[in-house]
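In case you want the letters, here they are:
4 protein chains.
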Amino acid sequence: MNDRSTTITELKKIVKDFVEERDWSQFHNAKNLSMALTIEAGELMDIFKWNTTQECDSMMSEKKTRQDATDELADIMIYALAFSNRNNINISRAIEKKMIKNRKKYPTEKFKGHF
Amino acid sequence: MNDRSTTITELKKIVKDFVEERDWSQFHNAKNLSMALTIEAGELMDIFKWNTTQECDSMMSEKKTRQDATDELADIMIYALAFSNRNNINISRAIEKKMIKNRKKYPTEKFKGHF
Amino acid sequence: MNDRSTTITELKKIVKDFVEERDWSQFHNAKNLSMALTIEAGELMDIFKWNTTQECDSMMSEKKTRQDATDELADIMIYALAFSNRNNINISRAIEKKMIKNRKKYPTEKFKGHF
Amino acid sequence: MNDRSTTITELKKIVKDFVEERDWSQFHNAKNLSMALTIEAGELMDIFKWNTTQECDSMMSEKKTRQDATDELADIMIYALAFSNRNNINISRAIEKKMIKNRKKYPTEKFKGHF
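Residue numbers (the numbering used here), protein chains in the order written: chain A, 40 to 154; chain B, 40 to 154; chain C, 40 to 154; chain D, 40 to 154.
Okay, chain A solo, but in the shape it has when bound (with noise of 0.2 Å):
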């Protein structure tokens, strides 16, 4: 699969397949995945956690860490996906309408190469 030909109700087909053949839609309330999510955010974290910020990225060129954040990263997705499946979410829409907001809130001129 391909980030330029795949579209994420076909993400969001694979994550519905595989929770449903495993009737796991029963622990799929929002509670538990907010949390499964958070929980593979810190995994993720647990990669970066002891190395400088310049360390962190040129780690993620070494075929193992690259590997392991690229594993954590679709678990995160997964989660996203599995939210999104459970709450009928337009995922493109909300980023969309997300962005709006963070146009707003972070004019180009005045954020220029800072916060």
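There could be a bad hint or two in this list.
The list treats identical chains as interchangeable, and a pair is accepted whether it falls inside one copy or across any two copies.
To be verified - Straight-line C-alpha distance at most 30 Å; calculated DSBU-like pairs for lysine-lysine:
| no. | residue 1 | residue 2 |
| --- | --- | --- |
| 1 | Lys52 | Lys149 |
| 2 | Lys52 | Lys151 |
| 3 | Lys51 | Lys136 |
| 4 | Lys55 | Lys151 |
| 5 | Lys143 | Lys55 |
Rather than coming from a laboratory, the hints here were simulated on the basis of the structure.
Following the hints, put chains B, C and D in place on chain A, whose structure we already have.
Just chains B, C and D now, kept in the frame of chain A:
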């Protein structure tokens, strides 16, 4: 925008442009982005922390909670896309590969209805 | 050791000695320790993520779960003590002051039994 | 209050009284408290997310940042104490036991100056 027709590459581009316009790539190393991801996931949890799992599901039908949760999910997605942009991660393939591992780890016949 | 007679300074010293013996203070800047704290808190959550709030309470009576949760709580405390050591924070006074703010923010007559 | 003379039991009592006065023990199951702990840890991280590890240390000398971080650390401690209250955990002994495991896992001669 709609999940049915929106590709991951299109969403990546929206985030990439936003970051470049503000010259924020200097902050977007792997370490910082993994922190930002976890913080946003924590904010999603914050909505649900004092309620039972059942209450949380019905809360997602209330307009205000639903909007807040959708915005937090968008933030999580935006940082996941930013992490992928920075590190040239093919998200669709990452999910595809991780799901193969997950299917091996959790075979249907053994994990149906429980963990 | 016993909570009735153990002071915060005594606990701080245990962590300080452990860190110094390994020459790990070079890793213990505020950023890294805040990450370590969150990761450990995520590991505590991991024990409870798929269970209802009621189930989680009774899980804490099972020996294995109780031991795992106690170890994770200890890890959280160890990093909170390490953060205080590094930044010369008087934990007792910090809690005392924060509780004054909390009492103002959540007056008993208004928040009894709900949020 | 001062870390040199304050015991864990004294701190536990402050949190216990606060919770009882508001009849909040109904919300303080193990699952909810593990979420609250992680959320607060995320708020501590939020202070440091876009800065280098070096910058974060010097930020802790600025009055405002130092106060914010101290408040967040207090919140983490308050929920760790609440978790211990709810589940009858002897924190001092938990730390003592965990440090024995840590010393075995990370012997000084092998881990001096690195991980």
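Evaluated hints:
no. : hint              : result
1   : Lys52 with Lys149 : between (41 Å within a copy, 22 Å between copies)
2   : Lys52 with Lys151 : between (39 Å within a copy, 19 Å between copies)
3   : Lys51 with Lys136 : both (20 Å within a copy, 15 Å between copies)
4   : Lys55 with Lys151 : between (40 Å within a copy, 14 Å between copies)
5   : Lys143 with Lys55 : between (35 Å within a copy, 17 Å between copies)
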